[in-house]
Amino acid sequence: METIADFEIQHSQFLDPQGEPQDTLPAFAEDADSLRAMYASMLLARIFDTKAVNLQRTGKLGTYASCLGHEASHVGIGAAMRPEDCLAPSYREYGAMLWRGVQMHEILLYWGGDERGSDFAGPRHDFPFCVPIATQCLHAAGAAMAYQLRGEPRCAVSINGDGGTSEGAFYEALNMAGAKKLPVVFMVINNKWAISVPLELQTASRTLAQKAVAAGIPGIQVDGNDVIAVRHWVERALERARRGEGPTLIETLTYRLSDHTTADDASRYRPREEVETARKLEPLIRLRRYMETRGLWNDEREQACRAEAIEAVDRAVERYINTPRAPVTAMFDYLFANLPPGLVAQRERAVRRAGGGAH
Amino acid sequence: METIADFEIQHSQFLDPQGEPQDTLPAFAEDADSLRAMYASMLLARIFDTKAVNLQRTGKLGTYASCLGHEASHVGIGAAMRPEDCLAPSYREYGAMLWRGVQMHEILLYWGGDERGSDFAGPRHDFPFCVPIATQCLHAAGAAMAYQLRGEPRCAVSINGDGGTSEGAFYEALNMAGAKKLPVVFMVINNKWAISVPLELQTASRTLAQKAVAAGIPGIQVDGNDVIAVRHWVERALERARRGEGPTLIETLTYRLSDHTTADDASRYRPREEVETARKLEPLIRLRRYMETRGLWNDEREQACRAEAIEAVDRAVERYINTPRAPVTAMFDYLFANLPPGLVAQRERAVRRAGGGAH
Amino acid sequence: MATVTLIEAVTMALAHEMARDERVIVLGEDVGVNGGVFRATAGLQQRFGAERVQDTPLAEAMIAGVSVGMAAQGMRPVAEIQFEGFVFPAVDQIVNHAARLRTRTRGRLQCPMVLRVPYGGGIHAPEHHSDSPEAMFAHMPGIRVVIPSSPARAYGLLLAAIRDPDPVIFFEPKRIYRLQKQEVPDTGEALPLDVCYTLREGDDVTVVTWGAMTYETLKAADQLAGEGVSCEVIDVATLSPLDAETLIESVEKTGRLVIVHEAPQSFGGGAEIAAVVAEHALYSLRTPIRRVAGYDTIMPLFRLESEYMPGVARVIEGIRETLED
Amino acid sequence: MATVTLIEAVTMALAHEMARDERVIVLGEDVGVNGGVFRATAGLQQRFGAERVQDTPLAEAMIAGVSVGMAAQGMRPVAEIQFEGFVFPAVDQIVNHAARLRTRTRGRLQCPMVLRVPYGGGIHAPEHHSDSPEAMFAHMPGIRVVIPSSPARAYGLLLAAIRDPDPVIFFEPKRIYRLQKQEVPDTGEALPLDVCYTLREGDDVTVVTWGAMTYETLKAADQLAGEGVSCEVIDVATLSPLDAETLIESVEKTGRLVIVHEAPQSFGGGAEIAAVVAEHALYSLRTPIRRVAGYDTIMPLFRLESEYMPGVARVIEGIRETLED
Ligand SMILES: Cc1ncc(C[n+]2csc(CCOP(=O)(O)OP(=O)(O)O)c2C)c(N)n1
Ligand SMILES: Cc1ncc(C[n+]2csc(CCOP(=O)(O)OP(=O)(O)O)c2C)c(N)n1
Ligand SMILES: [Mg+2]
Ligand SMILES: [Mg+2]
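Protein chains in written order, with my numbering: chain A, 1149 to 1507; chain B, 1149 to 1507; chain C, 2 to 326; chain D, 2 to 326.
Hints listed in this document are in silico derivations from the structure and should not be mistaken for laboratory results.
Backbone N, C-alpha and C define an ideal beta-carbon position, used for all residues, glycine too.
Heads up, some of the hints might be wrong.
Stated by the list, open to error - Think about it this way: if two alpha-carbon atoms lie no more than 25 Å apart in a straight line, the pair counts; the simulated DSS-like pairs of lysine-lysine are:
(1) Lys-1329/B <-> Lys-1340/A
(2) Lys-1199/B <-> Lys-1428/B
(3) Lys-1428/A <-> Lys-1199/A
(4) Lys-1340/B <-> Lys-1428/B
(5) Lys-1340/A <-> Lys-1428/A
(6) Lys-1329/A <-> Lys-1340/B
What the hints assert, rightly or not - Partner residues are not named here, just some residues of chain A that face chain C (Cβ under 8 Å, in silico):
(7) Gly-1210
(8) Gly-1261
(9) Glu-1263
(10) Ala-1342
(11) Leu-1349
(12) Tyr-1417
(13) Asn-1470
(14) Arg-1473
(15) Ala-1474
(16) Met-1479
(17) Ala-1498
(18) Ala-1502
Required output: the full structure, derived from the provided sequences and hints.
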């Protein structure tokens, strides 16, 4: 018996739940504006989220997937990426998307059942929301191949959840990216639950970061409620990728404080105490405390920031609510670049029916 | 930064290429008959293989996948399993199948284009050959679930190649088996090539055994040309599984000494020297030398063993050649347990056409 | 006697068969404690335990593949795919294995598994939750595609599907999961597979449909009855293998055929029905066959879904046009 | 001017387009040094380098998925799936992504990718190497299913497929890869997609087919011509979206329709063709539509495959029966 390979999985945290630094903070944390911007972004995500859940409850939005508790993981990713990089999100990473320029009313349009939400203002090359779990990991790998082939200094980032690490597509993407040294970062937001399935039933793997070992690529676990840790490690992974050294897998450890979606009732399957315990670790408190202790933040700033966010959210809701339904022709006009002759008649019929009210 | 998990991958070899023991041999190796049986089985597989390639070359067999060089990996698996265990092979593991009781003429029937080859005499519960790469890993996991549910002390074993470790199904099976502690052993026969794709292009993973880490299950690499090592580690993994401790991944390191199949020409993509080097490590030499050194084997035994194998192969070929084509009704009669009414007319038509010669 | 919705009938059939046959195992994503995202397996884990009602990791190829493995080794897995949009990773195991295990081994191994797949639009669901891909599966030899359209048929056909020694994809029309209640006695009596169900007899036109569209079709027939039009409404129930005989006989009687389905029209289930009638009852056809179906476009997100899906008005339009041809 | 087989025409088109457009990337299993198991990509890696002709790991979902990713970011991936039996793991990426990326993003992203898939039986291949699953894909809105049946059409249609801004599944009839040579000038001229090709004009019966079966069909037409029967033979070429107009016009002329394909009959490509004709040309039909197709069984291993596949005799039988109806 001979040991031929060995691996270690590291965990990284900069700020503990009370906002106390556990390590020397990365350079960007020296910049107060940078910290404030991340905090503001997390707060915006949370306020937006609350509003969206309300819209759903009052029948003004379809099923909606809350991001409550994930704000640091999402904003950390957004803050680490460059605009020319490419995001392949899953379905609840608003913090990352908003940072990149997607508009709140666009997110609402999407969950409101309107494809125009994915024709967003954010980076036009970013992938839209992705519901079929883990399939977007392959898109990120493919995007990275495109950049590698063209010699562009760009990276792709995919995001999926703990449940998503059970899908074949996830592993195939990691393995492919490893084999080709693709400039891509695979983010796994481990919020402990995949709808009602807890992590222990999902896998025997102690960490999700160690799934990187199967692909021969680096993997690391970071505190997903610590936006500084998330941003730092995503930045490092992106630098590595940009240098041509290949992909990284990053697991961010967080918790889904909400139901899975508004169609779910998490009280059916998980104990209230678990949620209460997790709530104490949530990401906004710790960054706020850290900044407050250092005089970078105070109640006044908090109020102003909150007010601004509320106003922005309200404007977005208004814009969403006032967006008229797309015409029925939209179904046909984006199917192919050019509508095949056989579909012309169907399109006409649809128009006639919509006009005549028959459907 | 804190190390939260670490892993080691071990390599095991008992006999070196010259047949010199590198370690204390496992108990079964004390039994001369046991060693001779394994050697005889490897020799039979090789002689069968040579014959099958010839049959193909002379137009008497369809495309055929040679097992040349893999005999120790295959026979080691067969020898470790119990009859009531379940094998889910890929397409070239004749050594394992023959050991378990599949008949040579059945293997020929299969490659000769006749489904009856998979209605074999070997364990009736074993899965047939599996061409869609890595899909059989899930069948093995499913079989293991059945045994686990029924409380039966049985295990399933799947076999796939190095290329197969890139398929999502492979990882999904490992992860599922880990999560449910299923009594299953996943064998990866690493013969360095997946048709023309060398291992380095297949994955950045240094070993294939380490893919186990992603599923949180044990993985080990063994010398796949050392039948003692293969059998030993498969036995250990089966014992572990039978004790309810869950799955194991075993990588056997060997080399495909032949073309991928008779439809392939490996000289197009790999250097002759690589093959020549690998040939020196092939599995029959070392076990024979080991046995010869200890007086357990000699030329006389070799000749007798060879003659017996040749005769058995010839009988199998004859039986294969003399098997008349199945009737055209076979297409219909095994589609469903009961032929749906709509297919009755099709069946009659097929019979009429076959009789009338029209097709 | 129980008065149940379609989804409750599904649960009832599962419970009945699990109690009767210990080889029956329920598995899938969130089917355990949570009882399924639609609650189809509600209460089953409490009653039968976590071994017989297993939450699986999130991987559909795996769910189908382990079901094949279990079925081959004597179990009767009933797996749930959460929504039809997520059945595609399982297609490989269905086509290459489940559908052909018996053929491949000349009957040595068989594959008695059921894949339950909620499908269809009309519930204002998110992206990838509203498709109707049944025809893709109907083209694969060796599997049955069964689609109930009432609580009683959900109960009887699901029992039949579980007991059948061959694989069945059981598409459940999620839009009518809770639309209507029906008295369904829990007698354990299965309904026959491989046959169409004539829901309403009529003389002027044969209207063939399945799944949720049976409701629209029956409503249309009702409405037209007021105008003196007599529709024969047939629920295909087992889409594949198709009971062509019943369809042909009906068209021979009525001379007219309208097919109604939610899936895109082209290469959909209606095409096969049109084809068998054009082959075997052409001379009975007094007017062209007509399909009332989804457009050949991607099912839109829900703000436009009602424009996509054929409703009562479109079914009536289709029948009227056919009668006027 | 080059005289080439169908597969050489494929290679020629790939090489032409790679030279013309550097966004074109070839990827797949064994497409590099080995030049593909059928040699379709032979010589391309030598000529264009290992970056533009990439051997991938063995994973079809991955091949399709990274192609979607590349295509969305401005490349023109042409991926090879080694045999049709291995396309199923890729179905999810095809249905849920490639086919709907444009629709989902309202045209913000597009997916100009080609998936080349050798398909069909008749080459004495091993298990899972002889199927004809084209109809499954034809039912999916948002992708094109294109099938060449001659060297010239392979060249021209593949060029068109690569240049098309939307995804195309390009099924290559492997049985006729090397059956016949044809002069195909390497002019870079694409042939139109979305239209049928009339290979032979005739008055008595319209015979519609695609892929390898065009050979049997043309032979049958030849033979029947000797008996005074005039067949119009149409190669569908783009199965989906279907050029129904050409088919309808032909049937309006001949009054009879026979459809020939290798895939199982039920819910196959022929069903849609029968349906559109029964909808739009019913009154022109003088006899029932007839399909000459594979049985609704699993394609058998090769000792029985000739019993399964429709050959010239079965095509002639079908046409004769139709004429005699
Ligand atoms: C392929 C696929 N299967 C099933 C689903 C249904 N589904 C939606 S979210 C979800 C759980 C995802 O859990 P996880 O990956 O942990 O992400 P989270 O929702 O926790 O962020 C499931 C099963 C889906 N969207 N896609
Ligand atoms: C899903 C799938 N894709 C592609 C193929 C075609 N194919 C047959 S064998 C093979 C290579 C397999 O390599 P490996 O797993 O290393 O096994 P080996 O043949 O070396 O034993 C390929 C690509 C297949 N059979 N199944
Ligand atoms: Mg989760
Ligand atoms: Mg190999």
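So, going through the hints one by one against the coordinates:
For a cut-off of 25 Å, the pair hint linking Lys-1329/B to Lys-1340/A stands: about 20 Å separates their Cα positions. A threshold of 25 Å between alpha carbons decides the hint, and for Lys-1199/B with Lys-1428/B the separation of about 22 Å falls inside it, so the pair holds. Annotation: proposed proximity of Lys-1428/A to Lys-1199/A holds, straight-line Cα distance about 22 Å (limit 25 Å). Restraint check for Lys-1340/B and Lys-1428/B: satisfied, since their Cα atoms lie roughly 15 Å apart, inside the 25 Å limit.
Taking the CA atoms of Lys-1340/A and Lys-1428/A, the gap is about 15 Å. The hint holds against a cut of 25 Å. With a C-alpha separation of about 20 Å, the suggested pair Lys-1329/A and Lys-1340/B falls inside the 25 Å cut-off, and the hint holds. A least Cβ separation of about 5 Å between Gly-1210/A and chain C falls short of the 8 Å threshold, and the interface hint therefore holds. A distance limit of 8 Å between C-beta atoms decides the matter here; for Gly-1261/A the minimum to chain C is near 3 Å, and the interface restraint holds.
Evaluation of the Glu-1263/A hint against chain C yields a held restraint, the C-beta minimum of about 5 Å falling below 8 Å. With 8 Å as the threshold, the beta carbon of Ala-1342/A comes within range of chain C, its nearest partner Cβ sitting at about 5 Å, so the hint holds. Hint on Leu-1349/A holds. Least Cβ distance to chain C is approximately 5 Å, under the 8 Å limit. Here the hint on Tyr-1417/A is kept, as its CB sits about 4 Å from the closest CB of chain C, short of 8 Å.
A cut of 8 Å between beta carbons decides the hint on Asn-1470/A: the least distance to chain C is about 14 Å, and the hint is violated. A least Cβ separation of about 5 Å between Arg-1473/A and chain C falls short of the 8 Å threshold, and the interface hint therefore holds. A hinted interface residue such as Ala-1474/A counts as satisfied when its beta carbon comes closer than 8 Å to some beta carbon of chain C; here the least separation is about 6 Å, so the hint holds. Hint status for Met-1479/A: holds, given a least beta-carbon distance of 4 Å to chain C, under 8 Å.
Interface hint status for Ala-1498/A: upheld, as the beta-carbon distance to the closest one in chain C is roughly 6 Å, under 8 Å. At a threshold of 8 Å, the smallest CB-CB gap from Ala-1502/A to chain C is about 6 Å, leaving the interface hint in force.
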